[in-house]
Amino acid sequence: MACNLGIMLLASAKMMAAVFGWPELWCILATAGLVGVYTCSGGLEAVVFTDVIQGVVMIIGCLLILTVGLYRVGGVSKLMDRLDEVSQQQANSTDASENSPSSNTTTAETRHQTQLILPVDTPTPFPWPGIYFGLALILSPAYWIGNQAIVQRSLGARSEFEAKAAYVWGAVLKNLIPIIVAVPGLIAVALLPDLKDGDMAIPRLVGEVLPTGARGIFVAAFLAALMSSVDSYLNSAATIVSNDFYKRFISRCVTESSLLMVGRITTIALVLWAIAFALYLRTMDEGSGLYAIFQTLMAFFQGPAFAILLVGIFWRRATGNAAFAALFCGIATSVSLFAMNQPALCKAMGFQPLFKISEPFLYFSVWSFVVTIAVLIPASLLTTAPTAEKTALVFGMRKMES
Amino acid sequence: MTPLHHMGEFVRTALLQIPLPAVRTLFVASLVVVLIWVIRMPSSRTTPETGAKRWDENLKIGACVALALQIVIYSWM
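So the sequence lines, in the order shown, correspond to chains X and Z. Position 73, counted from 1, in the first sequence is what our numbering calls 53; the numbers after and before it change by one each time, with no gaps. Numbers in our numbering are just positions in the second sequence, counted from 1, shifted up by 147.
It should be emphasised that the hints constitute simulated quantities derived from the structure, not laboratory data. As the structure is a computational prediction, the values presented were derived from the model and not from experiment. Be aware that a few hints might be false.
Heads up, simulated DMTMM-like pairs for lysine to aspartate or glutamate below, C-alpha to C-alpha not over 20 Å straight-line [what the hints assert, rightly or not]:
#1 K207(Z) x D174(X)
#2 K154(X) x D203(Z)
#3 K200(Z) x E140(X)
#4 K144(X) x E156(Z)
Generate coordinates for the entire structure from the input sequences, incorporating the hints supplied.
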């Protein structure tokens, strides 16, 4: 979570630097300071209210670039034609450099850019088993059911029904996101064929496509989306540290004001860490985009955490000690798989990378999920069963009692 | 090559045998199953305790719209 905060800060800084020409360092510091101040002073209420406003600004801004971008390309059919042309140009340049015969690369490349269901041997990070097993069955439920930032908002709703309604109507709105986020990416491919750095696609598109006034609206939208995520992470992390760690293990009789102070100190510490991590990422140049780094970090933890959550909800025999051991094994699995895919390690050990697709974060989550469950079940059976008081909220037990 | 490489290659080869139309059916069928589950859900779990006074208080409508959009998207793209 703390590392992802740094990635979000860097993403917002790249956008501001590309559009306005401001130094990235100042952009990182300004964004971090702004979000840190209103998260510290307002808490969950401030986060929720700003999120509503930021959500509206974000959707309007993204629709603006989608509309203007499609107009500049000449419509959807022209966009598809242009993507074919770009793929053909890229294939020709690859053929020229590798001196190999041309193939059906154009059609395949365009298909990879516009199709949702891709074959197992696609070079992209999104083959169908990764999307189905990794994203749909593990990472997405892990985020929407288990992510602290989301759970905290649900618990902050006025009633259980309103929490349910937020999820359902949020899901309807979420259907807009692929259109307003992915299509501008395709427009960037079509209009900026010389683009080398994928992280610069949207910033450059904004700079070249939108008129001056509209640029401000889009940057506001982009920053709104990022700040919305950053403030949620900061707030939920502060809650975890103050309530689940400080109050539980350090001072059980802590007053509310002291607890608030612990939360604020945590927020400041996380902001400082995020700034440091963003600055560290600026110095790295390993070819991975910010999106891939973000998703890889999430995949290390989300699969194991979701496995424990799922087993804990449905199986009353699961134990805390087994969950801890399984979590450790699951995270070790995803980190080991990541390591076994690094070119430097593969070269040193004399074997090929374990995965044949680029950025296989979806597969990390699948295997770490499987390993976590494989460890959790036998380890639970080998440890002392939890008391009836602890299993009262387990789904199976509640159903039996009712 | 490590045992993990062999295991990965086995899984990869097995998954390559599944034709993409069957995969599309799997994606759409999964969404249809969830849609049926939502439709069959008792209204007491999808409306406020006092009953739905406005259309948006019936959560089945929102859930069905979201799932129907996904079904259309995965059927065509």
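For each hint, the structure was consulted:
For a cut-off of 20 Å, the pair hint linking K207(Z) to D174(X) is broken: about 47 Å separates their Cα positions. For the proposed pair K154(X) and D203(Z), the alpha carbon gap of about 17 Å is at most 20 Å, so the pair holds. Between K200(Z) and E140(X), the direct Cα distance comes to roughly 17 Å. Compliance with the 20 Å bound is thereby established for this hinted pair. Proximity of K144(X) to E156(Z) is assessed by CA-CA distance (about 42 Å); at most 20 Å being required, the pair is judged violated.
In this structure, the hints that do not hold are numbers 1 and 4, in rising order.
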